[in-house]
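Peer 1: Order-wise, the sequence lines are chains R and S.
Numbering of the first sequence is given in my numbering, commencing with residue 796 and proceeding in unit increments.
Numbering of the second sequence is given in my numbering, commencing with residue 2 and proceeding in unit increments.
Hints were generated in silico from the structure; no laboratory data involved.
This list has only true hints and no planted wrong ones.
Away from chain S, derived, C-beta distances all over 10 Å, residues of chain R:
1) K798
2) E804
3) A805
4) A808
5) Y850
6) D1078
7) W1081
Listed below are several chain R residues computed to face chain S (Cβ distance under 10 Å; list not exhaustive):
8) G835
9) V862
10) T923
11) G929
12) E931
13) G973
Computed from a predicted model, the values in this text were never measured in an experiment.
Glycine included, every Cβ here is placed at the ideal spot set by N, Cα and C.
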Amino acid sequence: MIKDGPWKEAPKATTFAEREFQVCIAARLVENGKTYWVAGGGGPMYSVLIAKKLYAPDVVYVAEDGVVGPEPMLPFDPVMTLAAARPSYRALMWSTMNGIGDQCAVGYLDYGVLNTLQLDPYGNLNSTWIGTYGVEGRRFNGPGGADTIAAMCRRVVLMMDHQRRKFVPRVDFISSPGYLDGSPGARERAGLPANTGPWALVTNWAVFDFEEQTHHLRLRAIAPFVTLEQVLAEMTFEPKFPPDGKVETLDPPTEEELRILRTEMDVNGQFTDTAAHWVVWEDGRWSLVAKEQGKKLSPL
Amino acid sequence: MADNLERVPTVAEKTLRILEEGQGEYSLPDPDVFREWTARKDRAMRPKLMTAQEAVARFVADGDYIVWETNYFQRGPSALIREIIRQRKTRLWAGGKFTWVIVALLVEAGCCDRADMGFFVGGPGVTRAVVEKRLKVYEYSNLVMAARLRAGAMGLSFISVRSLGGTDGFKYSGAKIIEDPYTGKPTVIVPALYPDVALIHVHQADQYGNARIFGTTITDVESALASRKVIISAEEIINTEEIRHKPGLTKIPYYLVDAVVHQPFGAYPGECPGMYASDTEHVAEVLGAIYNDKVKEYLDKWVYSVASEEQMLVERVGLNKLKEMQRRATMVATEGYRS
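Turn these sequences into a full structure, and let the hints steer you where they fit.
Peer 2: Dropping the structure here:
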């Protein structure tokens, strides 16, 4: 899953936001020649677009409003990531919402890429309600198109901030399905297509996959600027580990990946600015620097 | 040879097994009831041009189930939504796909007490309305709502989907899991949706309601077919001769349509692809109002304190802004949005 690629040899960035790192890592997981259903905007769309420009030119993506294979005009106006002229530019087809759903249902859409607010060990997603549903807590956006993507794409890549409150033993509300209770055939018993489900989770600190037998989240690689202990401390449950016990270390973003992300996509820093820290390479090691104060937090 | 055949159960032995079902309410999706309605709809090619005020007053009733295409930010019937708020309609049931802010605006305005969702920006106001039981939310997804509309548009009572099963949303929806009578596999079914009103903003229409939409079309056609009353707002009113000249561009035929509103910038503050870009400041303002619990102030400024959309565009938005929105659209991607 963690492959070598052109990023190995490319000039490395020395200052970046954690979410920028996350987008670049997700971009490197994109498989050339496959079809993607990309949830509107943010990290999922940026990662697929970076991959298309640098590593996977034959990727074709669709969006929920009916766009098929666009060559989008970047950057987008805020919020205008779907059903607008720029993201729809030079598409191969302008279809409908049901038209995209049909393509996915019959199996033409290989990968989906999704954001989530909360995740459990079996890759179930919550984007509906944090707290006790309908009683206390906070209402969020709901699944949108994510439920369909999570149900019907052959493989699903998830993106989430690496925070303890987000890795929970059980999500407060399953908005979009992972492996449900993890038992064999759970998805099929719920009426979902066979051989589908979460394939990877990319956080700003780590990459996970799901163990084949148990469908449990499994740690595969961590960022070069955090330790294994830090990664595990920000989770409420322990992930599985690869059979050989080897957790790989990810490469930092390249200058080129960041240039594209900053000048063509997240031009106002709306997505990546919400991260609290810069990651900075200084004196032969990575440091986390608080953005606001510009002060060094934790030399590693 | 016959020994190798599986024994086929007789009809008497078969019962359709419901394996699980959600608790969400829904209107009885009876296609024959809907057909009685369409039997009465006027087929005459009659001019239906009217103002937004008149269309909403005549065709949106308190308690109606309403759907709209697409949303407040992207070729949505934003002007019609504001008119519904201005006329203080009540007890609406909102059918929401990726609606962004519309449900939050309707809820805070006191117009809406039930919603089938989808995707929407909730914020503190919606959370409060749910907890205080002023708003009942039934949980679907964008695509499942699209499938429900498609079932309505096909004249069915339900449709089978390959999603929603296994989620907690399922429990709060009108979905069921049945044993598929053909494959024997567990299969999710959802009730068809037959809304009372569809609000659809289009690029061009003639005075009878033959409508053209350029770009992706979400579920515009399904909504128009499945809804009892259809209100079209159009950026441009064109001659029927033009329609007949390029019939391949017509997405909705006139006899589905009850009202045609000529509403330039009807998708404001959103974008109407190929015609004008969004008002990015306004988009930030309305999102901010929802996240920061200032919807009342937003509605006072943009809806209640102006008598009409025209007054809003002139006095609150201004010609310079409108020209700038048009310029930003024509400077970039207009390909594909014209006949």
